[in-house]
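Residue-level listing of the chains:
2 protein chains.
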Amino acid sequence: MAKNIDKLNASFMSKRKANHVPLSPLSFLRRTFNLYPDEVSIIYGDRKFNWRETYERCVKLASSLKQHGLQKGEVVTVIAANTPEMFECQFAIAMAGGVLNTVNIRLDAETIAHIFEHAEPRILIADTGFSDVILKAKSQSNYKDFEIINIIDEQDKMSSTASPIGKYNYEQMVEQGDSEFNWQLPDDEWDAICLNYTSGTGGLPKGVVYHHRGAYLMAMGTVPAWQMQMHPTYLYTVPMFHCNGWGHAWMMSLIAGKVICTRQLTAEAIFGLIETHKVTHFGGAPIILGMLVNAHKEIQFKPSWPVQAMTAGAPPPASILQKIEELGYTVMQVYGLTETYGHVVQCVWQDKWNKLDFAERAARKAQQGVQFTHTEFVDVIERETNRPVPADGQTIGEIVIRSNTIMKGYHKNEIDTEKSLSDGFFRSGDLAVRHQSGYLEIKDRLKDIIISGGENISSVEVENVLYRHENVAFAAVVAKKDEKWGETPCAFVEMKPNASATEEEIISFCRKHLAGFKAPKSVIFGEIPKTSTGKIQKYILRQSLVSSN
Amino acid sequence: MAKNIDKLNASFMSKRKANHVPLSPLSFLRRTFNLYPDEVSIIYGDRKFNWRETYERCVKLASSLKQHGLQKGEVVTVIAANTPEMFECQFAIAMAGGVLNTVNIRLDAETIAHIFEHAEPRILIADTGFSDVILKAKSQSNYKDFEIINIIDEQDKMSSTASPIGKYNYEQMVEQGDSEFNWQLPDDEWDAICLNYTSGTGGLPKGVVYHHRGAYLMAMGTVPAWQMQMHPTYLYTVPMFHCNGWGHAWMMSLIAGKVICTRQLTAEAIFGLIETHKVTHFGGAPIILGMLVNAHKEIQFKPSWPVQAMTAGAPPPASILQKIEELGYTVMQVYGLTETYGHVVQCVWQDKWNKLDFAERAARKAQQGVQFTHTEFVDVIERETNRPVPADGQTIGEIVIRSNTIMKGYHKNEIDTEKSLSDGFFRSGDLAVRHQSGYLEIKDRLKDIIISGGENISSVEVENVLYRHENVAFAAVVAKKDEKWGETPCAFVEMKPNASATEEEIISFCRKHLAGFKAPKSVIFGEIPKTSTGKIQKYILRQSLVSSN
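Chains C and B supply the protein sequences, listed in that same order.
Residues 476 to 1024 in my numbering are what the first sequence lists, from first letter to last.
Residues 476 to 1024 in my numbering are what the second sequence lists, from first letter to last.
Chain B stretches covered by chain C per the calculated footprint, using a threshold of three residues with CB under 8 Å from any CB of chain C: (1) 698-712; (2) 839-849; (3) 888-895.
Since the hints were made in silico from the structure, they are not lab data.
All C-beta atoms, glycine included, are put in the ideal place defined by N, C-alpha and C.
All chains, please: the whole structure from these sequences, using the hints.
As C-alpha cells, this is what we get:
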C-alpha cells in the first residue's frame, strides 16, 4: 500500500530557503530589534542601552571582527565579567561566524594556558581587570597566536586602572564597525556556536561544543518551563562564562527582557539591585542563595512583587530553600551540566504537594525533578545493563539524558565523546534515584560515591545532615581509604563565623540522623575550597587526604 | 587560518541519537503525560479527561490504526467536529506514522470527493453527523479505497441518531488498542505530519503538506508571542480542521492546558462556556467576534478575569475590535495562511500607543503587524523586482514570508509549489503596505485588487468604510468590468436585520470617506456567501457579476 509516502516526500517537497531556516538564537535578537527597538535591553551602573543599540553594537562588533580577519568557525575567547560587552559577545561573535569561548575569570593561569592551547583562539577579548592572570597564562601557553581586544570597564576600579594589554580596544572596535554589515545565520544549525570548558570539579577541563540549534531550543524551552512573560527584568548574577549564563542571554533576546548586569556578587549588591530595578528573575548557585539568607537582616530586601530565582549547580540544602522562600523569593531548582547547555531537569512544583506536611514538602523541593520542555528523555539507569532503575526512591543509578540541548561532543576528544554519547543518550556521571512520582533526586557524582564495606554511601545524603547542624556553614564528605572497610566517609566542615564544634559532636549529630555506617568516621575543620560558581572542589579535599596519608 | 573549523566539525561531532532528536509536537504530549497526568486535558459536555487518559487513548488509537494496516506516511482523513476525538487525532495518527488530513465539515460532496481522490486516504475517521455528505462524496469519488471508522457523539443529536456508515467504531478502536504500544517519533523532523486543503476562497482546494518540525516550532513560538502561561483554559472555537485549529492543540499539549470542546458556535454557547469554565483563551475569525458583539445584551458575558482572544482569517473591522474589548476581552489580531500553519504575523501592541487618540489607536489595532517568534522574515515586496516597498504606509506590495512554519509544498502539485516557494520566501498572494513602524497592513488579496483607470483600489479599504455605516452587517467589494475605466468597484452589502438603505445612500456615504474614484459605482444588496470559517467568498460574488453581464 503506502500510497502517498513517495508523493509526500517528492523531491520538490525538500527543504528550501523559504521553509527551512537554521535555528539560531541570532534570530531572536534580530526580531526583538525589529519589534522592541526602544525597550531597555541592558542596565549596568550608569550605562543603559535599548535593543536597537544592543543590536547595532553587536552588528558593528561582528563587522569589526570580520575586518580583523576572523574566519568562519574560528574561536574567539572571552575573559570578562558580566558587563554589557559580555552580553554582546553572546551574539556578536556568532554573527561574525565565530565560535564563542568564554573562560571562567577565577581560573588560575595554568588552566587558562591549557585552554589557550586547546581552543586555539584567533582573537582574545579580555577585560583589563584580568590582565595579570592572562599575561601569565599567555607566557605559559605554547599557543599565543591571537590578538587581544581589551574591554575597559570605567565603572570598575580594577579594570579602569589596569594597563591595557591588547592591541585593540573593544569600544573602538564597536565604533569603527559597519552598522550595515550583512551578517548571516549559520549555514547549518548544527554549526558550532560556543566552546565551553567544563568548570572542572576534577582534572583538566574538557571543551564542550554547542551548536546553534541547541542554543535556540534552550531559550525557547525555558520560556514555558520557567513561566516567563515578555519583558521581565533579569538580574544577571549567573556568570555568563558558565554555560553562557544558563542560556538566559539568548532567552532575554527572545522575550525582550531588561538585563541588569553586575560585577558585584555580595548580598548587599544583589538585594540593592533587586530593589532598585524591581527585578523579577535571577539565577544563582545555592551558594548565592545561601549568601542571601545568611546576610544581615538590615540588608535583606523583601520584594513586594513576585521574584523568581532559578538555582542549579549543586543540590541546595533544604534549609536554604526554606529561608529564601520566607524572604519572598520563589525558587525553582534545576539540574544540568555544561554538556547539556545547563538546565535539562526541573523540579516542577505540583499543587497537590501544598497539602503535605513541612518535612514532606521540603523533601519534594530537594528533588531535581523532571524533564524540561526541550529535554526529550531523562532516566536513571543501572550502569551495567543500561536498564532503568525501579522508581523506588532507593535504587541508585546514573542519570542519562537525550535532548537537542546535548553538546556535539568534546573538542578534540573523540574518546570521551564516544564514552558519553554513544549509547543513545548522554551519560551524566551523576548518580540519582527515581521516586514513584517520576521525579529524580541526585545522590552523588559517580566519582563521589563512597563504598564502605560493600555498601554505597551517598556523600550528598551525609552532607545534607551536616547542613542541618546549626553551626555548619559548608560541608563536604569524601571517601577516605580504610584498611578494614575499603573506604569510610570523611567530613570536611566549615563552621559559621564565631561558631565551633568538636569532631565527636559532629559525628554523634550525624549518627542521630543517619544509619551508623553512613556517619563520618573523621571530621576535618577549615575553609572548604569552591569554584567561582560555588561548587565545592571535592578533588582538592580528596587530594589533601591522599597527601596527608 | 581557520584553525578549528575542521576540528569543530569532526565526524565524531556529527548528529547522534543522544543529541539530535526530531522536533515533533508528539514530544509535548509525552512530556505532559509524564509531568501532569492528573491535570484536566479536555472537557466536552459531560465528558472529561485528564492528560493520562488523553495520552493513553492516543497511544491505543495509534496502536489500533497500526493493527489495521496503516503504513508509515499513509493518509488518514478525519471529518469531525471539535470533539475530544478530533483533538486526539491531532496526535494519534502521527503516533501511528500516518499523515492527518482534516476536512472542512461544511464542504459540499463534490469538493470532498475531490479531496478523497487527491489525498488517497487509507482510513477515514468520520463523525456520523456528517454521514450523508460523506456517502455522497464517496459515491462521486473515483477513489474509495479506505475503511471508515465512525465517531458517534452521544451528546449530539445528529451524530447519535445517524446510522453508522463505517465498519469500525472509534471508541472500540481505542478500547482494543494496546496501551503499551511503542510509538516512535518520526525518523526525520521533515516527515509529513498533516495534509491540509486550503479553505478555498477560489477554485479547487490545494493540499498543503506540513512537517513535524514546523508543527513543533509553531507551538513553541506561540507561547511567548501570545504570552501564554502554563495551564490556561482554552475554548476550542477555531475548527480543528482549519490549520489544525491554528496549532493550538499542539500548544495545549506543550503547556498542559485545559481544552473546552464544543460543537455549538452560537454567541449563547460561547459566552456560557467562558463563564462556566472560566475560559482564559479562545480564538476565532472576525465573524465569531462579530457574533459576540452583536448578541443580545442579556446573553453577553463580561468576564471578571483576563480573557485573550486571537483573531485571524480576515482583517477585523475596527468597530468589532473596539466593541469586543469593551466587553472585557483582549484581542490579538494575527495573520497567516494555511500554507504558513496559521499565524506568522501578529499585531503586537506597543505601550506607547496607549497615548494616541482613539482613531490612531483603532488604526494600529487594524494593522496585521510584525513577525511571530517562529517567523524568520516577513516583508512586503514589489512584485516585479522582489524589492521591499518603501515603509510609507502607501505603496502596495505582496506579503512574503520565510519561516520554519512554511509548508513543504502542495501535494502532487510541483508547479504551484515552485511558484510560491522558489524565490527564497513564500509568496502569500496577499497585498499590503508597510508602515513606518515596520508593521504591515493588508490591503487585499492579489486577485481582489481593483484597477480603475490605472489606479489601484484596495477592496479592503472600501469595505472598511462600508462597515462604518450603521446599517451594514457585511460588505464585500469586487471589480466589475467597465468599458471606460477597465474596472470599477462594485459593493455587495448585507444589511443588519430590519435595516435598509438605497444604492445612492451607500455610494454617497462612501464618497464622504473615500477618494471619489474609490467609491463603489454600483451596490448590490443581499446575503453575502461565506466559508465555514467566516471568510467571504468573493469568487462567488465575482462569478455572479460575470454571469449577470
